[in-house]
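Protein chains: 2
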Amino acid sequence: MYDRIKGFRDFYPGEMAARRATINGLEETARQYGFREIATPAVERAAMWTDKSGDEIVDELYAFEDQGGRHVTLTPELTPTVARMVVAKQQALSKPIKWFSTRPFWRYEQVQQGRQREFYQTNVDIFGSSEPEADAEILAWAADALTGLGLTGEHFEFRISHRDILGGVLETFDADVDTEAAIRAVDKSDKIERVEYHDLLVAAGLSADQAAQFDDLVAAGDLEAIVDFAETETVTDAVENLQNVLAAAEDFGAREYCTISLETARGLDYYTGVVFECFDSTGEVSRSVFGGGRYDDLIESFGGQPTPAVGVAPGHATLPLLMQRAGVWPDEEVSTDYYVLQIGDTRPTAARITRDLRERGNVVETDVSGRSFGAQLNYADSINAETTVIVGEQDLENDEVTLKDMVSGDQIQVPVEAFPGDHDRPTLEDFDA
Amino acid sequence: MYDRIKGFRDFYPGEMAARRATINGLEETARQYGFREIATPAVERAAMWTDKSGDEIVDELYAFEDQGGRHVTLTPELTPTVARMVVAKQQALSKPIKWFSTRPFWRYEQVQQGRQREFYQTNVDIFGSSEPEADAEILAWAADALTGLGLTGEHFEFRISHRDILGGVLETFDADVDTEAAIRAVDKSDKIERVEYHDLLVAAGLSADQAAQFDDLVAAGDLEAIVDFAETETVTDAVENLQNVLAAAEDFGAREYCTISLETARGLDYYTGVVFECFDSTGEVSRSVFGGGRYDDLIESFGGQPTPAVGVAPGHATLPLLMQRAGVWPDEEVSTDYYVLQIGDTRPTAARITRDLRERGNVVETDVSGRSFGAQLNYADSINAETTVIVGEQDLENDEVTLKDMVSGDQIQVPVEAFPGDHDRPTLEDFDA
Chain A
1 MYDRIKGFRD FYPGEMAARR ATINGLEETA RQYGFREIAT PAVERAAMWT DKSGDEIVDE
61 LYAFEDQGGR HVTLTPELTP TVARMVVAKQ QALSKPIKWF STRPFWRYEQ VQQGRQREFY
121 QTNVDIFGSS EPEADAEILA WAADALTGLG LTGEHFEFRI SHRDILGGVL ETFDADVDTE
181 AAIRAVDKSD KIERVEYHDL LVAAGLSADQ AAQFDDLVAA GDLEAIVDFA ETETVTDAVE
241 NLQNVLAAAE DFGAREYCTI SLETARGLDY YTGVVFECFD STGEVSRSVF GGGRYDDLIE
301 SFGGQPTPAV GVAPGHATLP LLMQRAGVWP DEEVSTDYYV LQIGDTRPTA ARITRDLRER
361 GNVVETDVSG RSFGAQLNYA DSINAETTVI VGEQDLENDE VTLKDMVSGD QIQVPVEAFP
421 GDHDRPTLED FDA
Chain B
1 MYDRIKGFRD FYPGEMAARR ATINGLEETA RQYGFREIAT PAVERAAMWT DKSGDEIVDE
61 LYAFEDQGGR HVTLTPELTP TVARMVVAKQ QALSKPIKWF STRPFWRYEQ VQQGRQREFY
121 QTNVDIFGSS EPEADAEILA WAADALTGLG LTGEHFEFRI SHRDILGGVL ETFDADVDTE
181 AAIRAVDKSD KIERVEYHDL LVAAGLSADQ AAQFDDLVAA GDLEAIVDFA ETETVTDAVE
241 NLQNVLAAAE DFGAREYCTI SLETARGLDY YTGVVFECFD STGEVSRSVF GGGRYDDLIE
301 SFGGQPTPAV GVAPGHATLP LLMQRAGVWP DEEVSTDYYV LQIGDTRPTA ARITRDLRER
361 GNVVETDVSG RSFGAQLNYA DSINAETTVI VGEQDLENDE VTLKDMVSGD QIQVPVEAFP
421 GDHDRPTLED FDA
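The listed protein sequences correspond, in order, to chains A and B.
Numbering of the first sequence is given in this note's numbering, commencing with residue 1 and proceeding in unit increments.
Numbering of the second sequence is given in this note's numbering, commencing with residue 1 and proceeding in unit increments.
Bound conformation, chain A alone (with noise of 0.2 Å):
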């Protein structure tokens, strides 16, 4: 009768558990690298956006006015948000700040493979440290994190270059050039025409033949050539910056995964350092998987004192079709230790022993619909219960209760009262005399 809105996605819970498994083993890296876990609005004042984002964003805000007149919208990322909480208790907070939190948002864009209006992200970032370690901190959780859900190098690689890089070889021509303009067309560069992509670098401002020698320049990705190119201080530093940060990622762990890749700009224009993108090295390759980088001007714009920032947020809409291509996307199934199966007026048995084993932390269902044997019996199949008790009222008259492996499908006899006993997780094999 009443449809689903287009881009908003039902998790039905085969799906679910298996992003739910991806979205914790996402989190308890996080939390192991001591990063603490936030929740934050799901709608702000508009103006936080239509103030300082490119047109890109603004365009794509589900913006409206509440019922107070205020002018708002469902927040199209995180980081506006957290920079917003920073700001507001930023004498309290012991620095480094590092948080993370997994949620959805909102963007009015057009809906294909990977990318709906809804998605989620599991957003890490560090506030305080302009360290090359926090840069590479970042980098170590993300490799630790897609390592932890069974992806390898042969499946990913961070592709890092740093914002200065590209805007310091750009201030190197003789034009005017529009920094920001240009760097949005190296960013976009791998998705459209060589000739394009010189097109927008000369609406940027270049000449054609600077246009084609920055291409150049770009696309070798020689560090060393690139600070003889540019001869000034700003290059020298940035190149300086990504190879301090990519050392540090040698400590921490993450640098046999990164790529020094300087197309690599991130659409936004809030990044002002280390950016990278995560890549599917198995597939094709046309868009990164999720992206990160440095944003230190961002918690002074918004009115707090300057706080440098590093973060990172893999998106839940991405992600699994790199875990599939890779093979490792978890079973999109439910799972059920226990299925306790009534036969005739068994309830109270049926429901000791139900209560006994959830309290042992296992999963366990019984009858609640009044069914037949075999009825119950398909049911456990369906929600893949791994053991099925069967309480009878025959059975119980000899004080026992039948167990049958749903897989083998053997069956045994159990006294009533030995069970589950001290078994935590009773198997057939615990009472096979």
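Just so you know, these hints were derived from the structure itself, not from any lab.
It cannot be assumed that every hint is accurate.
Any copy will do: because identical chains look the same in the list, a pair fits if it lies in one copy or spans two.
As the list claims (entries may be wrong) - In silico lysine-lysine, DSSO-like type, Cα no more than 27 Å apart, as pairs: (1) Lys404 - Lys95; (2) Lys188 - Lys95; (3) Lys89 - Lys6; (4) Lys191 - Lys6; (5) Lys89 - Lys52; (6) Lys52 - Lys191; (7) Lys404 - Lys191; (8) Lys404 - Lys52; (9) Lys188 - Lys52.
Please arrange chain B on chain A, whose structure you already have, making use of the hints.
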């Protein structure tokens, strides 16, 4: 610079740790019951509420028109969404369908203690069983979930009734009664003056005498007296169903938390059978902590096959108040197993130790800010590190690191190659020769 919107909360790490422990507790119990996690859209067609819901909920919608001209709303509750999901896959889903999820909802309400405009709920529902065992399983889950959080029967009670008892009694009066209006009056009766309550009953169609008689019957709560008064099948069946639910709740271990209370009617119009509300039995009982009940007609009204349903939704704004009054709210603090402190150029060794400790499942931080010994030690204190591993240049010359117990202040030197060695969570005692 930008303010948070009224009625929306930021959750910083300390408070979030307590909330996460609470949510994990509810969800872990739900998993043990065989409830399966789902995830659902934040935005739905506004018509899902404007077509059917009471004015109260419609007036509070965060509704707007999206860029595609759709009339949409932030979802104020989960139930219509899961009804839509059940209808969409009715044939494929094996019954009973047992789902849970924790997420925010949004209502433009008056903000007060325990009531925000963005509020989180853990919804737990069973679809496809009309048997009293399903109602009882919902009650048992709620009881186990709350006791799992450290609450006891001294802290909470479930006030339970059946909508048809009130409806059935109202039908027996020789009057043209608006049953839903009268039930809404009952639902408000403990929050308003007696006179106002009787006025609402009269406005719903009862005479003044009938209103007084109805009030007396309901307040006494004597099920047999009500059956005798009504002498109708509706009331007799409703009382019998309520008693059957309580008998099943006895087997499932939840009966002791249940009190029959016919005033409990739940404000929402879609309830059809047993309804219950959780109240704080220690403090002021003016408002319920959360509620639930049976809503057998909703799926059909959404275009599905007739599908009985029962559910409950503890809210994470009121539950903390109950837990705080009972003294079982978790400490609002972050915890850290190890801080690995670097003095001088010891990053490679510190990073190796950090990684080893994290791989063993510990929460470990190390310096990413290039700070002094004192600043690092203060930071380790601020994150409640249990143990600090001091990796100093001088110690390393002797192939040693220093373990410092952050509570006792005790220190001990340990061979760097032996740390953490075979220990998953090494303490000073493990190395005390």
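Check: Which numbered hints are broken by the structure, listed smallest first?
Finding: Structure breaks hints 2, 7 and 8.
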